[in-house]
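Undergrad: If you're matching them up, the sequences are chains E and Z in order. For the first sequence, the working numbering gives the first residue as 1, with consecutive numbering after it. For the second sequence, the working numbering gives the first residue as 1, with consecutive numbering after it.
It is possible that part of the hints are untrue.
[As the list claims (entries may be wrong)] So the derived label-pair ranges between C-beta atoms look like this: (1) E/Phe-242 to Z/Asp-99: 26 to 36 angstroms; (2) Z/Thr-82 to E/Gln-125: 29 to 39 angstroms; (3) Z/Gly-56 to E/Leu-65: 42 to 52 angstroms; (4) E/Phe-242 to Z/Asp-85: 16 to 26 angstroms; (5) E/Leu-72 to Z/Gly-56: 40 to 50 angstroms; (6) E/Leu-65 to Z/Ala-194: 53 to 63 angstroms; (7) E/Gln-125 to Z/Asp-85: 28 to 38 angstroms; (8) E/Asp-243 to Z/Asp-265: 31 to 41 angstroms; (9) E/Ala-26 to Z/Ser-151: 57 to 67 angstroms; (10) E/Asp-156 to Z/Lys-289: 20 to 30 angstroms; (11) E/Val-130 to Z/Gly-56: 18 to 28 angstroms; (12) Z/Lys-138 to E/Val-135: 48 to 58 angstroms; (13) E/Thr-61 to Z/Lys-289: 49 to 59 angstroms.
[Claimed, not checked] Straight-line Cα separation of at most 20 angstroms, EDC-like style, residue types lysine to aspartate or glutamate; simulated pairs: (14) E/Lys-160 to Z/Asp-265; (15) Z/Lys-338 to Z/Asp-100; (16) Z/Lys-430 to E/Asp-74; (17) Z/Lys-155 to Z/Asp-440; (18) Z/Lys-437 to E/Asp-66; (19) E/Lys-53 to Z/Asp-440; (20) Z/Lys-289 to E/Asp-143; (21) Z/Lys-272 to E/Asp-143; (22) Z/Lys-340 to Z/Asp-40; (23) Z/Lys-425 to Z/Glu-255; (24) Z/Lys-155 to Z/Asp-128; (25) Z/Lys-437 to E/Asp-74; (26) Z/Lys-261 to E/Asp-165; (27) Z/Lys-272 to E/Asp-165; (28) E/Lys-53 to Z/Asp-153; (29) Z/Lys-235 to Z/Asp-250; (30) Z/Lys-272 to E/Asp-156; (31) Z/Lys-204 to Z/Asp-180; (32) Z/Lys-425 to E/Asp-165.
FYI, nobody ran anything at the bench for these hints, they're computed from the structure. Since the model is a prediction, treat every value here as computed from it, not as a measurement. All C-beta atoms, glycine included, are put in the ideal place defined by N, C-alpha and C.
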Amino acid sequence: MTATATAPEGGKPGAHRRRNRWIGLAFAALPLGVYALVVLVPLAQSVQFSFYKWDGVSASTWAGLDNYRTFLTDPVLRSTFGHVLVLIGFFALLPIALGLLSAALLTRARQPGMAVYRWIFFLPQVMTTVVIALVFKRIYAPDGPLNTALRAVGLDSFAKTWLGDFTWALPALGMIGTWVTFGFCMVLFISGTSAIAPELYEAARIDGAGPVREFFAVTLPGLRGQMAVALTLTITAALRTFDLVWVTTHGGPGTSTLTPAVALYKAAFQNPQVGLAAAIGVVMALLCLVIAVVITRVSERD
Amino acid sequence: MKIYKAGVAVILALGLAACSPGSGTSATDENKAPESVSTDVAKAGTVTLKLTDFWGGAEGEWIKQVVADFQKKYPNVTIQRTNEDWGQLNSTLNLQLQDDSGPDIATANNGWQSLGTLAKGNLVRNLDPYVKAYGWDKKVPTTIARQNQFSADFKTMGTGSWFSTPMSRTSLIGLYYNADKLKALGVEPPKSLADLEAAAAKAKAAGEVPFEYGSLDGSTTILLGAQALLADKKKLNDYIYGDASIKAADIGMTEAITLTKKWADAGYFPPKFEGIDYQTAVANYVGGKGVFRWEYTGSLGLDAAKQGKYGYLQLPQASGSGTVGVGAAPGAMVISSKSKNPDVAAAFLDFMMSPETGQLAADRGLVPALSPDVKVPSTSLSLTDESKGAATLDTDDGYVPYFDWSSPTMLDTISQNLQLVYAGKMTPDKFTEAVDKDRDAFLAGQS
Numbered sequence: 001m002t003a004t005a006t007a008p009e010g011g012k013p014g015a016h017r018r019r020n021r022w023i024g025l026a027f028a029a030l031p032l033g034v035y036a037l038v039v040l041v042p043l044a045q046s047v048q049f050s051f052y053k054w055d056g057v058s059a060s061t062w063a064g065l066d067n068y069r070t071f072l073t074d075p076v077l078r079s080t081f082g083h084v085l086v087l088i089g090f091f092a093l094l095p096i097a098l099g100l101l102s103a104a105l106l107t108r109a110r111q112p113g114m115a116v117y118r119w120i121f122f123l124p125q126v127m128t129t130v131v132i133a134l135v136f137k138r139i140y141a142p143d144g145p146l147n148t149a150l151r152a153v154g155l156d157s158f159a160k161t162w163l164g165d166f167t168w169a170l171p172a173l174g175m176i177g178t179w180v181t182f183g184f185c186m187v188l189f190i191s192g193t194s195a196i197a198p199e200l201y202e203a204a205r206i207d208g209a210g211p212v213r214e215f216f217a218v219t220l221p222g223l224r225g226q227m228a229v230a231l232t233l234t235i236t237a238a239l240r241t242f243d244l245v246w247v248t249t250h251g252g253p254g255t256s257t258l259t260p261a262v263a264l265y266k267a268a269f270q271n272p273q274v275g276l277a278a279a280i281g282v283v284m285a286l287l288c289l290v291i292a293v294v295i296t297r298v299s300e301r302d
Numbered sequence: 001m002k003i004y005k006a007g008v009a010v011i012l013a014l015g016l017a018a019c020s021p022g023s024g025t026s027a028t029d030e031n032k033a034p035e036s037v038s039t040d041v042a043k044a045g046t047v048t049l050k051l052t053d054f055w056g057g058a059e060g061e062w063i064k065q066v067v068a069d070f071q072k073k074y075p076n077v078t079i080q081r082t083n084e085d086w087g088q089l090n091s092t093l094n095l096q097l098q099d100d101s102g103p104d105i106a107t108a109n110n111g112w113q114s115l116g117t118l119a120k121g122n123l124v125r126n127l128d129p130y131v132k133a134y135g136w137d138k139k140v141p142t143t144i145a146r147q148n149q150f151s152a153d154f155k156t157m158g159t160g161s162w163f164s165t166p167m168s169r170t171s172l173i174g175l176y177y178n179a180d181k182l183k184a185l186g187v188e189p190p191k192s193l194a195d196l197e198a199a200a201a202k203a204k205a206a207g208e209v210p211f212e213y214g215s216l217d218g219s220t221t222i223l224l225g226a227q228a229l230l231a232d233k234k235k236l237n238d239y240i241y242g243d244a245s246i247k248a249a250d251i252g253m254t255e256a257i258t259l260t261k262k263w264a265d266a267g268y269f270p271p272k273f274e275g276i277d278y279q280t281a282v283a284n285y286v287g288g289k290g291v292f293r294w295e296y297t298g299s300l301g302l303d304a305a306k307q308g309k310y311g312y313l314q315l316p317q318a319s320g321s322g323t324v325g326v327g328a329a330p331g332a333m334v335i336s337s338k339s340k341n342p343d344v345a346a347a348f349l350d351f352m353m354s355p356e357t358g359q360l361a362a363d364r365g366l367v368p369a370l371s372p373d374v375k376v377p378s379t380s381l382s383l384t385d386e387s388k389g390a391a392t393l394d395t396d397d398g399y400v401p402y403f404d405w406s407s408p409t410m411l412d413t414i415s416q417n418l419q420l421v422y423a424g425k426m427t428p429d430k431f432t433e434a435v436d437k438d439r440d441a442f443l444a445g446q447s
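Start from the sequences, fold in the hints, and give me the full structure.
TA: Right, here's the structure in full:
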């Protein structure tokens with residue numbers, strides 16, 4: 001996945017190894033079969049369902065591209081794309097910027113107890129989203145810690161019903177995402193920075209580069225692979241946002257925090273609209289795929 | 001690359017080879033009722049039935065006792081009970097009923113989302129012969145019976161054949177009051193909507209929160225409770241059952257949303273109620289905050305001590321024409337089309353509607369229905385009141401179904417738009433229009 005590949009080693013494989021390939025394939029056949037059964041078959045079925053109007057039980061009717069058209073033209077469903085764009089800002093761009101900054105600061109000077117900090121910042125990444133969502137629901141509550149803190153310092157006018165406010169609910173959810181992915185990005189970048197050859201930094205310093213120049217000339221290019229990983233994972237996480245929304249707002253107030261994944265769940269499991277749900281799923285899967293391919297291509301370009 | 005191409009070919013082949021989804025279970029054989037049925041369980045021989053339900057807690061205790069009593073009555077019958085949580089069973093029941101070893105009897109959810117889909121898909125049995133054999137149509141009030149009926153073409157709910165049965169329990173929307181607080185305010189429990197508004201104003205003036213409520217997750221109980229007081233019973237029933245000639249404006253929708261918004265603007269809800277979720281609001285109310293609360297019966301989770309402190313009111317209609325309340329059985333009992341012993345299963349459903357099982361419900365603090373002579377412990381103010389409410393609705397035949405049965409997406413529509421109305425981003429008229437739009441779109445897709 002990362003582009004920081006080590007130099008190829010070892011000699012050429014001998015010609016006698018060629019026939020072993022078939023043995024290798026034979027070994028891989030079982031896992032490949034399982035993969036086909038649990039991933040490819042449902043995938044194909046989803047694509048198929050997306051062309052039908054189906055309640056999940058009785059006979060379906062051919063719908064052509066109607067489900068896709070509904071997803072792209074229904075004002076509520078279409079608005080979910082806008083919400084996801086906002087979430088990408090909070091899930092991907094903000095944490096990566098913060099992660100780069102903190103990695104640059106932390107790697108400049110070794111402080112005692114750094115491992116502990118790293119561990120603390122990384123913690124949200126290993127916690128279950130539902131737990132995180134419940135904690136933040138409490139924090140954002142009308143009489144919760146956030147509003148209490150704001151009032152304590154005299155900022156009463158900033159106290160809000162965060163998750164119940166049409167303007168603030170989506171950014172409030174986004175901040176949870178930032179909190180979750182920030183630690184991950186930071187740890188990724190710190191480990192990436194430590195893999196950059198120290199000679200490059202020395203050379204930059206000899207050339208008279210300051211800390212800022214050093215960051216843009218050495219650290220940032222050296223982290224291209226890590227950036228690609230971080231971007232891919234965080235953007236797809238933003239696109240897939242479900243549990244966070246489901247536990248805190250159910251897509252409300254109104255439909256101001258509805259995401260495609262929540263709309264998909266509602267269509268598939270609450271309202272008998274399996275075809276529409278499949279269409280949403282297919283579009284989101286394609287979108288994730290395209291984003292991953294674009295990021296990989298761009299990051300690997302010289 | 002070769003493998004990749006092969007994979008694509010396989011996927012395409014799979015897609016093309018498979019026939020259209022759902023065709024395996026399509027109603028090629030009409031969902032016809034069997035010719036002759038028997039009500040004689042003792043003669044059925046040794047029978048084992050599988051029951052799957054979504055009841056836990058006191059409700060779970062109730063069904064366990066019902067099963068035990070039925071087995072005692074008919075020693076030749078064994079009922080194996082499986083319990084699943086509500087969401088789990090709702091999302092998988094259609095699959096379970098397609099399985100040959102699936103349940104004989106199950107709890108479904110009324111409305112189009114679940115029961116309608118199962119009936120249309122021929123997965124549950126048409127119960128009409130049993131209705132005749134047991135006289136269910138005479139036992140059950142019409143407004144409850146309709147909740148289990150679908151037309152032969154499965155385009156209309158509330159008319160035609162029975163596909164499920166209610167039971168000797170009910171779940172209503174009504175108004176709870178904190179008895180101590182009312183006493184402290186010097187107010188009698190309200191007897192009408194006007195009384196309620198006067199009491200709420202008095203509570204507000206005394207610094208209390210009149211209605212404990214939160215709208216974070218789009219709770220609509222208060223709106224539907226108010227609508228039942230304002231709407232015409234027959235029209236509201238017909239609207240929900242898909243009579244396209246009736247519009248949302250005819251069923252008190254605009255009046256109900258206007259009233260709810262008025263209460264919100266008058267500060268009758270807790271401060272910042274937009275940020276309070278359902279669970280918190282319930283916990284606050286049971287913890288002693290707020291005077292009144294619109295709620296489904298059984299949802300407050302009152303313990304024995306608290307049951308003496310909270311009363312329940314089924315207010316009469318604002319027009320003075322009897323009592324109308326939102327209510328339904330807490331589950332629609334269905335018999336699987338694959339069941340080999342439908343006669344015995346039907347006998348069990350009949351038993352679930354009997355006064356004996358109604359008494360079992362009351363003994364466990366659950367609201368009994370269809371059983372006028374049930375004895376309720378006098379120490380429980382809430383259960384006494386709730387039973388009274390259910391009995392009134394039984395005699396007035398005054399049930400209206402949950403509004404979200406009118407279309408599969410209706411609950412989302414009213415939840416989302418209610419939040420818009422609270423925020424002043426939508427007018428009551430537009431709210432009513434949005435309700436019509438949702439239902440009309442669904443009806444158009446049905447025909």
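Undergrad: Decide, hint by hint, whether the structure agrees.
TA: Checked hints:
One distance hint, 26 to 36 angstroms for the beta-carbon pair E/Phe-242 and Z/Asp-99, holds here, with the actual separation near 28 angstroms. Between Z/Thr-82 and E/Gln-125, the C-beta spacing of about 38 angstroms keeps the proposed range 29 to 39 angstroms intact. Between Z/Gly-56 and E/Leu-65, the C-beta spacing of about 44 angstroms keeps the proposed range 42 to 52 angstroms intact. For the pair E/Phe-242 and Z/Asp-85, the supplied restraint of 16 to 26 angstroms holds, since their beta-carbon distance comes to about 19 angstroms.
Take E/Leu-72 and Z/Gly-56: their Cβ atoms lie about 42 angstroms apart, and the range 40 to 50 angstroms holds. Between E/Leu-65 and Z/Ala-194 the CB atoms are about 55 angstroms apart, so this pair conforms to the stated range of 53 to 63 angstroms. One distance hint, 28 to 38 angstroms for the beta-carbon pair E/Gln-125 and Z/Asp-85, holds here, with the actual separation near 29 angstroms. A hinted range of 31 to 41 angstroms for the beta carbons of E/Asp-243 and Z/Asp-265 is consistent with their spacing of about 34 angstroms.
For E/Ala-26 and Z/Ser-151, the Cβ-Cβ distance of about 58 angstroms falls inside the hinted range of 57 to 67 angstroms, so the restraint holds. At about 22 angstroms, the CB distance of E/Asp-156 to Z/Lys-289 agrees with the hint of 20 to 30 angstroms. E/Val-130 and Z/Gly-56 have their C-beta atoms about 20 angstroms apart, which keeps the hinted 18 to 28 angstroms range intact. Z/Lys-138 and E/Val-135 have their C-beta atoms about 55 angstroms apart, which keeps the hinted 48 to 58 angstroms range intact.
Checking the proposed 49 to 59 angstroms range against E/Thr-61 and Z/Lys-289 shows it holds: the Cβ atoms sit about 51 angstroms from each other. Distance hint between E/Lys-160 and Z/Asp-265 is fulfilled; the C-alpha atoms sit about 18 angstroms from each other, no more than 20 angstroms. For the hint linking Z/Lys-338 to Z/Asp-100, the alpha-carbon distance of about 7 angstroms falls within 20 angstroms, and the restraint holds. For the hint linking Z/Lys-430 to E/Asp-74, the alpha-carbon distance of about 18 angstroms falls within 20 angstroms, and the restraint holds.
For the proposed pair Z/Lys-155 and Z/Asp-440, the alpha carbon gap of about 13 angstroms is at most 20 angstroms, so the pair holds. Annotation: proposed proximity of Z/Lys-437 to E/Asp-66 holds, straight-line Cα distance about 19 angstroms (limit 20 angstroms). Distance restraint check for E/Lys-53 and Z/Asp-440: the Cα-Cα separation of roughly 18 angstroms lies within the 20 angstroms cut-off, and the hinted pair is therefore satisfied. Using a Cα cut-off of 20 angstroms, the hinted pair Z/Lys-289 and E/Asp-143 holds, with the two alpha carbons roughly 14 angstroms apart.
A C-alpha spacing of about 9 angstroms is found between Z/Lys-272 and E/Asp-143, which places the hinted pair at or below 20 angstroms, so the restraint holds. Restraint check for Z/Lys-340 and Z/Asp-40: satisfied, since their Cα atoms lie roughly 15 angstroms apart, inside the 20 angstroms limit. A distance of roughly 18 angstroms separates the Cα atoms of Z/Lys-425 and Z/Glu-255; the hinted pair therefore holds under the 20 angstroms criterion. Between Z/Lys-155 and Z/Asp-128, the direct Cα distance comes to roughly 18 angstroms. Compliance with the 20 angstroms bound is thereby established for this hinted pair.
The suggested pairing of Z/Lys-437 with E/Asp-74 holds, with an alpha-carbon distance near 13 angstroms, which does not exceed 20 angstroms. Simply put, Z/Lys-261 and E/Asp-165 have alpha-carbon atoms about 17 angstroms apart, close enough for the 20 angstroms limit, and the pair holds. Among the hinted pairs, Z/Lys-272 with E/Asp-165 is consistent with the structure: their alpha-carbon atoms are about 10 angstroms apart, no more than 20 angstroms. Only pairs whose Cα atoms come within 20 angstroms are accepted, and E/Lys-53 paired with Z/Asp-153 is accepted, the gap being roughly 18 angstroms.
For a cut-off of 20 angstroms, the pair hint linking Z/Lys-235 to Z/Asp-250 stands: about 7 angstroms separates their Cα positions. Straight-line distance between C-alpha atoms of Z/Lys-272 and E/Asp-156 comes to about 14 angstroms, which keeps the hinted pair within the 20 angstroms bound. About 16 angstroms separates the Cα atoms of Z/Lys-204 and Z/Asp-180, which keeps this hinted pair within 20 angstroms; it holds. Only pairs whose Cα atoms come within 20 angstroms are accepted, and Z/Lys-425 paired with E/Asp-165 is accepted, the gap being roughly 12 angstroms.
In summary, this structure violates none of the numbered hints.
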